[in-house]
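Asks: Take any residue in the sequence shown, note its place counting from 1, add 745, and you have its number in the numbering used here.
Each statement offered as a hint is correct.
Using C-beta positions, here's what the derived DEER-type ranges look like: (1) M760 / N798: 27 to 35 angstroms; (2) D842 / L753: 15 to 23 angstroms; (3) N798 / V820: 20 to 28 angstroms; (4) D843 / R790: 17 to 25 angstroms; (5) W809 / G766: 17 to 25 angstroms.
Read the hints as simulated data drawn from the structure, not as lab findings.
In this text, all values refer to a predicted model and were calculated from it rather than measured experimentally.
The beta carbon of each residue, even a glycine, is placed where N, CA and C say it ideally should be.
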Amino acid sequence: RCDNPFTLLAQLRAMLRPGSGRLVLAVVVPFRPFVEDGKTHRPPRERLPLPPNGSWEGGVNQLWERVIKPSGFKVERLARVPYISEGDQRHGAYILDDAVFVLSVPPLEERLAALNPQP
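Construct the entire structure; sequences and hints are all you get.
Replies: Below is the structure:
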């Protein structure tokens, strides 16, 4: 329900201490974003390049490759957990799959080494 997810990730990354800071990020996969704007739902202003369908594993991989890694994070841990969503007139609740990432910002030396791998 975030209107500017890339901007938010950049702001959160800037707040973490490289090497020791941690961010816990939970994302429902497959990813189908919307922003609640009063009584209406609309697409976010910043669109993440993720497909709305597919397997949990494929969605998590694409989330890593297209969003989290390019945002400068390192994955410390990953868990698949249930996400219970508010229901509607047909169902009391929906049970979805959440990807919970524990992320860090690598120390500068590690980031530089990744840019210039040694043979």
